[in-house]
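Mind docking chain B on chain A? Use the hints.
As you go down the protein sequences, you meet chains A and B in turn. The C-terminal residue of the first sequence carries number 415 in our numbering, and the numbering is unbroken. The C-terminal residue of the second sequence carries number 144 in our numbering, and the numbering is unbroken.
Hints listed in this document are in silico derivations from the structure and should not be mistaken for laboratory results. We put the beta carbon where it would ideally sit given N, CA and C, even for glycine. Every clue listed holds true.
Calculated from the model, a selection of chain A residues having no Cβ within reach of chain B, i.e. all distances over 12 angstroms:
no. : residue
1   : I48
2   : L53
3   : L69
4   : G83
5   : N89
6   : I203
7   : G260
8   : I264
9   : T321
10  : S336
11  : T396
12  : E397
13  : K404
Where chain A lies over chain B, by a calculated footprint (3+ residues, C-beta under 8 angstroms):
no. : region
14  : 29 to 37
15  : 70 to 83
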Amino acid sequence: MSQQDLQKTGFHIEGIRKQFPVLRESAYGHPLAYFDNAATTQKPQVVIDAINLYYSTYNANIHRGVHYLSQKASQAYDNVRTGVATFINASSDKEIIFTRGTTESINLVASTFGKKFLKQGDEIIITAMEHHSNIVPWQIACESSGATLKVIPMNDSGELDLASLNSLITNRTKLISVVHTSNSLGTVNPIAELIRIAKQFNIPVMIDAAQAMVHEIIDVQKLDCDFLAFSGHKMLGPTGIGVLYGKSEWLEKLPPYQGGGEMISSVSFEKTTYNEIPFKFEAGTPNIAGVIGLGAAIDYINDLDRELIHQHEMALLKYATTQLKNIPGLRIIGESTNKEAVISFVIEGLNALDVGMYLDTKGIAVRTGHHCTEPVMARFGIPGTIRASFLFYNTTEEIDRLVKGIHEAKKLLGS
Amino acid sequence: MRESLTIEEIEGQIVDEFSLFDDWSDKYQYIIEIGQKLPALDVGYKIDENKIKGCQSSVWLHAYNKDSKIYFEADSDSTFVKGEIALLIRVLSNRTPEEILASDLKFIDEIGLRQHIAVTRANGLASMIKQMKLYALGLASANQ
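Okay, chain A solo, but in the shape it has when bound:
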């Protein structure tokens, strides 16, 4: 669907762009073209306002104060937990744990699950396209327990070889942790199918949904995943706030992650008893402003016509893919038929950093390097890529600027 066709359906890009103040900024005298959405998305005014309002009118510590402000803040905080539960269709608020982000959510599970359930000779399965944050926590858990890490391979298009899963699973497989949408390739993995296979063997599955939340509708009950991790800042919310969803049956079984206030039921020097979930996993004063900002981001997303938004993003992906493929020497890394609007590419004879820095001089924000997925780069035999990741507020005109910029960079840098 072209941008003109989309507008006929009621998708008004200018109206949407106006809601994101950063998009009005310029860089070195050029209007900003922001294509680093997989790293972090920009924030709509409502999110900024919600955080501002909290600090300006009802800042207080939560759950312990008897006073008006504390009650107001506590209620706002608790409402967001309910909002998150509804957003991903969790069966209960208590299955929603607030964390600092996807990384902390995965570390929480790897650490506590590892402590409780991993023994010498056990196995954890991940995939070849994981972000470092879904590799290293499991390596740490394996190191301390004597378990081993196994990896589902991928093909040259950047798609998982799901057929190999059956042969990787053994009676020692304790958990499968897999990325929903690859940050460096854009691949959307067949999560539902993977979970279906895992469930045949009664193996719990954790999903890294950091890249998925803003693009896809996630229903944890329908997916039947056991854990799901995501970050606020990759879905229009603030940095420093994330979510771990866990089925309550698992969360009840896992030991606490950190000790401190809020997570206890009673403390004495002889014996401390822990609070019930989700509080057992939320030690200390939480990121209240972050939670409130996340709540506003979810409200904003809920108000969007998500089907239409996704159509626009797919139109951007198709347009950009076609345009980029016309550039001689340019190779797209990650050509799955099921992708989000992320394009990683390399240009023959050119260094990714040089190209990224050139585009920056023209006000075009891309990311270069290994995108915290070094094993993915090794799989494709490249040191890094240039990555343009799109969101619904991007336009085809911005993509035209990207393409023009790449042509200019090629000329300047001599390819």
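Okay, now just chain B, sitting in the frame of chain A:
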């Protein structure tokens, strides 16, 4: 000519050259131009022990001393980083260890380069400066 100029004087020259450019785009293109002119490092020196790994680019630094002075040669897979290298070599090569150790390389700030590189772990400039100084320190200690 070169022999008579101090590190500060060379830095001053670089600052003057960059003052001709109004914006970052022109500075970027100038650094690329310098990088393209930097002679490639002999492959025999492009070995792991000479490699300074940055997050997004690699630098190979070869240092040697002759007549109490240190000489640097370097290369990178990024043309921009090669441009930075060329600037550093212009300032720090053919110097005594003492001169190198005393240098504060203010030109990097003055030409506006630091803000474009310091915020990232993108290239090995900081590591490269550290390596150059370490080499000078090693030689200075050995001379004592």
